[in-house]
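Asker: When we follow this note's numbering, the leftmost residue of the sequence shown carries the number 1, and every step to the right adds one.
By construction, these hints were calculated from the structure, which means they are not laboratory data.
Among these hints, one or two may not hold up.
Stated by the list, open to error - Distance windows between CB atoms, simulated: (1) Asn7 to Asn117: 53 to 63 Å; (2) Ile165 to Leu186: 28 to 38 Å; (3) Cys189 to Leu120: 39 to 49 Å; (4) Cys189 to Asn168: 25 to 35 Å; (5) Asp164 to Val225: 22 to 32 Å; (6) Asp164 to Leu232: 45 to 55 Å; (7) Trp248 to Gly156: 15 to 25 Å; (8) Ala9 to Ile157: 39 to 49 Å.
Where is the CB? At the ideal position from N, CA and C, for every residue including glycine.
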Amino acid sequence: MTSELLNEAVANAEQNFLFLAFAYAALALLLYEGLVTLHHEVNFMWCRGRAPIIIVYCAIRHAQLASIILNLIVFFFSSTSSMMCTSLTLLSSVFVIIPYLGWAAFLGWRAYALSGNHTLLCVFVSLCSVSFSVPSLFQIAVQSLTYSGTPPACTGIMPEGYVDIETNLVIATRIAMTIAESIVLLLTCVKTRRAWLSSKKNRSSASLADVLFENGCACFFAATVIQALVLLFELLPSIDKDRFTGDWGALRDALMTVVLSRFLLDLSRFGANADEALDDPRGILTTQWSDDSPDMLSLYSLDEEYGGRGFHRDAGDTHSVEQDVA
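With the hints as extra help, turn the sequences into a complete structure.
Answerer: Okay, here's the thing in structure tokens:
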């Protein structure tokens with residue numbers, strides 16, 4: 001009996017150590033990223049005052065940071081009282097979901113832009129990506145929190161039979177999220193190829209690396225790889241899925257946050273550069289090349305950009321630009 005208690009204590013200590021290690025690593029990453037990009041965020045995001053992109057940005061980055069902090073608070077203080085057990089855990093669970101909704105909004109918006117305004121594809125990508133939050137919603141709905149004072153502990157209890165449902169939900173939603181990321185990556189690669197060929201055709205000095213960067217290939221490739229690894233770990237029977245979800249999950253979400261929020265900042269920075277280069281107001285860009293002019297920027301006003309071309313169109317869509325101008 002003593003040996004069993006000792007093994008249980010060691011296992012709990014190991015689990016707590018890994019949780020704290022990955023949570024602190026994710027927190028340090030996001031805090032460092034926030035400090036490094038604070039100047040760009042203030043100047044190119046907040047000062048420009050465009051609500052849609054700010055809402056998506058806050059959902060992806062700041063809600064994720066709040067989620068990690070709340071998880072740490074739950075870890076240290078949820079066992080202090082019954083009220084803290086229920087309220088803190090519920091609040092933490094809600095903030096876990098908010099970044100996933102931000103991912104879905106951004107990916108759906110981006111798919112709509114790159115596919116030439118195909119609404120059905122936008123809806124499909126949004127639904128696939130928003131499904132990533134379904135297991136967390138399911139856990140909130142069916143899990144009951146129990147507080148015990150001797151010793152102090154706050155534990156979540158899943159009703160019998162629901163564990164298998166949750167496992168199947170996790171696998172299905174991870175597949176859907178990987179499909180959504182892959183679609184956006186494929187569309188981004190197609191757009192990048194067109195932009196690069198256009199720059200060569202017009203004898204532009206644009207390099208392939210520049211086109212890849214401005215079209216976000218690195219961003220969506222990294223996001224797709226992360227989601228594919230998540231799916232792989234879920235499907236491999238030899239992996240401790242609870243440990244991966246609980247420990248690596250925080251770091252995975254932090255990496256996704258950095259990748260997607262950096263892309264949003266880059267979009268805003270390109271828009272600010274366009275404002276400085278031209279007298280007329282211009283919006284954010286995904287690429288500065290078009291089929292007819294290698295340096296042609298947006299012909300839309302700033303308000304129209306965020307209603308559309310910020311995510312809605314690329315500068316490569318020259319024909320639609322010409323039609324609107326005409």
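Asker: Lying within 22 to 32 Å: is that true of the beta-carbon distance Asp164 to Val225?
Answerer: 29 Å, holds
Asker: State, for the Cβ atoms of Cys189 and Asn168, whether the hinted interval 25 to 35 Å holds or is violated.
Answerer: Since the Cβ atoms of Cys189 and Asn168 sit about 32 Å apart, the hinted range of 25 to 35 Å holds.
Asker: Okay, Cys189 versus Leu120 on CB: inside 39 to 49 Å?
Answerer: Since Cys189 and Leu120 have Cβ atoms about 21 Å apart, the given range 39 to 49 Å is violated.
Asker: Starting from the hint 39 to 49 Å, judge whether the C-beta atoms of Ala9 and Ile157 obey it.
Answerer: About 21 Å separates the Cβ atoms of Ala9 and Ile157, which means 39 to 49 Å is violated.
Asker: Determine whether the Cβ-Cβ distance between Trp248 and Gly156 falls within the hinted range of 15 to 25 Å.
Answerer: At 19 Å between Cβs, range holds.
Asker: Take a look at whether the Cβ-Cβ distance between Asp164 and Leu232 falls inside 45 to 55 Å.
Answerer: 21 Å Cβ-Cβ, so the 45 to 55 Å window is violated.
Asker: Taking the Cβ atom of Ile165 and the Cβ atom of Leu186, is their distance within the range 28 to 38 Å?
Answerer: 32 Å, holds
Asker: Has the hinted range 53 to 63 Å been met by the Cβ atoms of Asn7 and Asn117?
Answerer: Distance hint for Asn7, Asn117 holds at roughly 59 Å.
The structure shown violates the earlier hints numbered 3, 6, 8.
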